[in-house]
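Hey, can you work out the whole structure from these sequences and the hints?
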Amino acid sequence: MEFQNRLNKLRREFRAFCRDKGRGNQQKFCRSKKQSAFKNSVWLAVILFLFFGSVALWHPAKIAGAAQAAYNKWKLLTLILDKIERFYVEEKDPDEILDHAISGMLSSLDAHSVYLSPSEYARWKEQYTGYYGIGLKYNFLHPALIVCALVEGGPAERSGIKLGDKILSLQGADVANLKNEEIRQLLIGPEDSYMIVEIQRDGLDDHLVFEVPREKILLESIPCYFMYNDQVGYIKIAHFTSTTPTELDIAVAKLQDENMGWLILDLRDNSGGELNAGVEVADRFLSAGKIIVFTQGRFVQSNQQYISTNESTYDDFALIVLVNQATASDAEIVAGALQDWDRALIVGDRTYGKALVQTEYPFQDGSALLLTTARYFTPLGRLIQRDSGQADVGAGPQVKKETKTKLEVTPQKFVTPKGRIVYGGGGIAPDISLEESAMTMPEIIYKLSRLNKNYMLKFADRFVSGNPKVTQDQTKFVFEYQVTDPVLEQFYLFLRNAGELQLEKEARASSAALKFALKREIAGRVWGDNGRFMV
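32 is the number that the numbering used here gives to position 32 of the sequence shown; each next residue is one higher, with no gaps.
Source of the hints: derived by calculation from the structure; they are not laboratory data. Do not rely on the hints blindly, as some may be mistaken.
[As the list claims (entries may be wrong)] Computed spacing ranges between beta-carbons, pair by pair:
| # | residue 1 | residue 2 | range |
| --- | --- | --- | --- |
| 1 | 311 | 387 | 35 to 41 angstroms |
| 2 | 453 | 316 | 35 to 41 angstroms |
| 3 | 201 | 126 | 24 to 30 angstroms |
| 4 | 318 | 201 | 22 to 28 angstroms |
[As the list claims (entries may be wrong)] Heads up, simulated DSSO-like pairs for lysine-lysine below, C-alpha to C-alpha not over 30 angstroms straight-line:
| # | residue 1 | residue 2 |
| --- | --- | --- |
| 5 | 290 | 413 |
| 6 | 515 | 469 |
| 7 | 73 | 92 |
| 8 | 505 | 453 |
| 9 | 162 | 469 |
No residue lacks a Cβ here, since even glycine has one placed at the ideal position from N, Cα and C.
Written as structure tokens, this is what we have:
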């Protein structure tokens, strides 16, 4: 009751402060529409600060003292903002200043606690909850967009749009004159609305026009799976969403129909996603009753333990998990659980090392706070969070922590049920380390793929048009076709004709990597993400 009275008093004082301080010639600070919204945002921040402080301190006397201290700080901040508004040499947007203040406050916590504006939060949610659109992915191929992937069974595919089609206009607007964000805003839209898409297709003189309905699109998290040979299956998980466990069940069932005895589960470049999805994927590979991951935080709700069940358990094939330095979060939960329980060999490079759990706090204006509320640990109790100053390292018992003195720290050692030695700290160290040079593309490949010119895609498009027989059989192309030296010379000539002599010189110095990258781009041009990942 004492705290509630104190809080009510603070509310009255704060409102009176904002009402009275602007009298005279400077009265507009709290009264304009924009600054009124700003005042509300500040008050929201006050309440958040008091809430978290009250829960942490808990003792009524301490709560009251903390509330007064918090109020004094926010009052000081408001005075500073008032001075900026009235006297700074240039006019500034109060909302923009507040955004910077919030970012500064969160930057003192950790890299993963962030404030998202309404548009940023909407974009962030799309990758997990989906969006309303027509179900295609595109790349820039000026002056058009080229369709590089289609959602299977989605509205674009059902309407007749095909991989490799070139989009000339959307809703009558020439895409050559549109910015990327404008294109995105045209492709998404309300449910039951329609998009008019004008297409140029190879081999046809006339353009095609499609009226495509917008529907709820769930992003596929498994873009590719196939049998590598008679025994070994391969599944790529790009990220974790609510549909990932079901997608995995479908992929495994189809591969088992082809007598799969071994599985390569590829988690490279997987930055995570929904925690429960990662837990359910790990659950598929473990027998019942095993800890998958546990979390610890300051609050009771943050302390959770996730245990495997006997539902949909895959226990009849050997398993290898591929990881690299971009494997993070949920992907590390899966890799860590399967390593700790001796269910899989982890192969590749040491993972990113993100063992922090973010809780989502949405606000009325559509923005949200993603706040780190817990740490997670592998079944053996390993904390694999990488320190902010820690260098990227390969596999091995020594975790190098780069500070000004380059201090080396020996991480804690753990023993699996079958006697393997694993280590905590700095990501998941693989059981079998691959040389970094074998997995890293040279910089020239990225230069050749930049969106504004994208010479790789332009050449692949020309190659496909001129060599239709080469790309008739996906499996044969992926396993048998090799980019020859004459094809490479055609690419060098293509760069020369574009006036890119320096790029040609750099490309010639990385011919082996270029052959692989060109093959991957050609496969992507014909078979979309499935072909690209398969290569």
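### Message
For each hint given before, does the structure comply? Return the numbers of the non-compliant ones in rising order.
### Response
As far as the earlier hints go, 2, 4 are violated by this structure, in ascending order.
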